[in-house]
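A.B. asks: Sequence:
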Amino acid sequence: MDKKVDELRSILKKYGQEHLLNHYETLNETSKKELLNQIELINFELINSLYHSTKKEEKHREDKITPIDYVDKYKLYDDYKHYENIGKKAIKEGKLAAVTMAGGQGTRLGHKGPKGTYDIGLDSHKSLFELLSDNLKEEGKKYGVTIPWFIMTSRENNKETLAFFEKNKYFGYQKDKNIFFFIQGELPMIDTEGKILIGEDGFIKQAADGHGGIYESLVKSEMTKRMKQMGIEWIFIGGVDNCLVKMVDPVLMGIAIDKEVTVACKSVVKANPQEKVGVFCRRNGKPNVIEYSEITEEMAEARDEEGELLYGESHILCNLFRVDAVERMGANPLPYHVAYKKATYRNKEGKLIVPDSPNAYKFEAFLFDAFGEVDDMAILRVKREEEFAPVKNADSAGVDCPRTARELYKKFYHID
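Each residue of the sequence shown is one higher than the one before, counting from 2 in the numbering used here.
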């Protein structure tokens, strides 16, 4: 152990992170081992590079942004059945699996625990996890199959999530046979001087690496390898907080197969030109999502000959991928985006610091940054009231909250 500590001290000195071992001697043997393991896993070159990126002014890229084609699910007419039949065949053959990103906590909702365990207030008191499992099982019955379910947790909520599923008998699924759990990647948080933070618990302060980490996490956990062994060719990736998410959609799948694309995404039309959402576009000819902060007022208001917004297809985190495309996307990390956040930490003296303003950087990747890796993709416009009822904010926010999600859910399923 002493030799390992000396080796790590040498590495830490090279990168100016010696403080990570300041209170090593005060820890018990188990905690010492965990801290050393954490330090060993840190890519200090990457952290150094990310820190320097926070000091650079982001240069305005001369990207050429153009609209992207989409199809409206309810204007397909004769093609609807054609695509649906193709998708149904693939689903019946067991080629589809669902992946749910569930690494978050329900903090903003005033909920202690994983967000997936949150009860949105239905009379049934079903959690988000149970609502999603109900939909998956119901769809599976239609096609005479069990849709395998892969759930991405985080280091923070993995233990609680597994305990919740065990308590609920996995909602009828069988662990390691048709329901699987894997953990999202993390990156250390750093202060404005580039020093890695130590958290309240005495260990490295880490934050989830964003939904863009899904590809790398699926590959590193060997979930994609397992999928291929099971004969799965397509995976639907969605978030746990959308209680109306349709993970099994034969039309979406049929379009992807028919058009021979490796990615197919769902969109809903923007509620208004100024709605603060990312929208699908082409960036330098490649499929992409442009953030609302990048869209000029002129672009936001622009309409086509039929009066539709040219940049009106909102990305709602409902995406279908071929497994081999996910493997390619997961081979190399995506670019990271920086966020300036408030973070409670222990200083060099071990004193707990609780800031009242942002004091640290976290780094995350965005799932749609990988879209530029494919030559083309299909976008299917669906109805917001049928497929998009996110639970992101407390009821006081008035939008994307338990109340709005509950109303949409009850209306869609005709619950009084």
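I should point out that these hints are in silico values taken from the structure, not numbers from a laboratory. Any given hint could turn out to be false.
Claimed, not checked - Calculated lysine-lysine pairs in the DSSO-like style (CA-CA distance at most 30 Å, straight line):
| no. | residue 1 | residue 2 |
| --- | --- | --- |
| 1 | Lys349 | Lys82 |
| 2 | Lys168 | Lys411 |
| 3 | Lys82 | Lys56 |
| 4 | Lys138 | Lys342 |
| 5 | Lys15 | Lys5 |
| 6 | Lys229 | Lys178 |
| 7 | Lys89 | Lys277 |
| 8 | Lys15 | Lys393 |
| 9 | Lys143 | Lys113 |
| 10 | Lys349 | Lys5 |
| 11 | Lys342 | Lys76 |
| 12 | Lys74 | Lys343 |
| 13 | Lys57 | Lys384 |
| 14 | Lys170 | Lys15 |
| 15 | Lys34 | Lys393 |
| 16 | Lys142 | Lys113 |
| 17 | Lys271 | Lys342 |
| 18 | Lys4 | Lys221 |
| 19 | Lys82 | Lys271 |
| 20 | Lys93 | Lys384 |
| 21 | Lys76 | Lys349 |
What the hints assert, rightly or not - Computed beta-carbon distance windows for the label pairs:
| no. | residue 1 | residue 2 | range |
| --- | --- | --- | --- |
| 22 | Gly145 | Ser11 | 23 to 33 Å |
| 23 | Ser294 | Asn49 | 40 to 50 Å |
| 24 | Asp417 | Asn49 | 11 to 21 Å |
| 25 | Lys349 | Asp305 | 54 to 64 Å |
| 26 | Val355 | Thr27 | 46 to 56 Å |
| 27 | Glu94 | Ser11 | 28 to 38 Å |
| 28 | Phe413 | Asn23 | 34 to 44 Å |
| 29 | Pro274 | Asp401 | 13 to 23 Å |
| 30 | Lys176 | Tyr78 | 17 to 27 Å |
A virtual CB, placed ideally from N, CA and C, is assigned to each residue, including glycine.
A.B. asks: Next pair to validate is Lys15 with Lys393; report whether the Cα-Cα distance is within 30 Å.
C.D. replies: With Cα atoms ~41 Å apart, Lys15 and Lys393 exceed 30 Å; violated.
A.B. asks: Does the alpha-carbon distance linking Lys349 and Lys82 stay inside the 30 Å limit?
C.D. replies: Given pair Lys349, Lys82 is violated - Cα atoms ~65 Å apart, limit 30 Å.
A.B. asks: Can you confirm whether the C-alpha distance between Lys74 and Lys343 stays at or below 30 Å?
C.D. replies: Not OK: Lys74 and Lys343 at ~42 Å, beyond 30 Å, violated.
A.B. asks: Holds or violated: Lys76 with Lys349, Cα cutoff 30 Å?
C.D. replies: violated (62 Å)
A.B. asks: Compare the distance between the alpha carbons of Lys170 and Lys15 with 30 Å, and conclude whether the hinted pair is satisfied.
C.D. replies: Violated: Lys170 and Lys15 sit about 49 Å apart, past 30 Å.
A.B. asks: Please check whether Phe413 and Asn23 have a Cβ separation lying inside 34 to 44 Å.
C.D. replies: violated (55 Å)
A.B. asks: Does Lys349 pair with Lys5 here, judged by a C-alpha cut-off of 30 Å?
C.D. replies: holds (22 Å)
A.B. asks: Next pair to validate is Lys143 with Lys113; report whether the Cα-Cα distance is within 30 Å.
C.D. replies: Violated, because 36 Å separates the two Cα atoms, which is more than 30 Å.
A.B. asks: Between the beta carbons of Asp417 and Asn49, is the distance compatible with 11 to 21 Å?
C.D. replies: Once the Cβ atoms are compared, 58 Å apart, the range 11 to 21 Å for Asn49 and Asp417 is violated.
A.B. asks: CA of Lys342 to CA of Lys76, is that 30 Å or under?
C.D. replies: violated (44 Å)
A.B. asks: Starting from Lys89, check that the Cα of Lys277 is at most 30 Å away, please.
C.D. replies: Outside the cut-off at roughly 35 Å; violated.
A.B. asks: Lys142 and Lys113 were given as a pair; does the straight-line alpha-carbon distance stay at or below 30 Å?
C.D. replies: violated (34 Å)
Taken one by one, the earlier hints fail for this structure at numbers 1, 3, 4, 7, 8, 9, 11, 12, 13, 14, 15, 16, 21, 22, 23, 24, 26, 27, 28 and 30, listed in ascending order.
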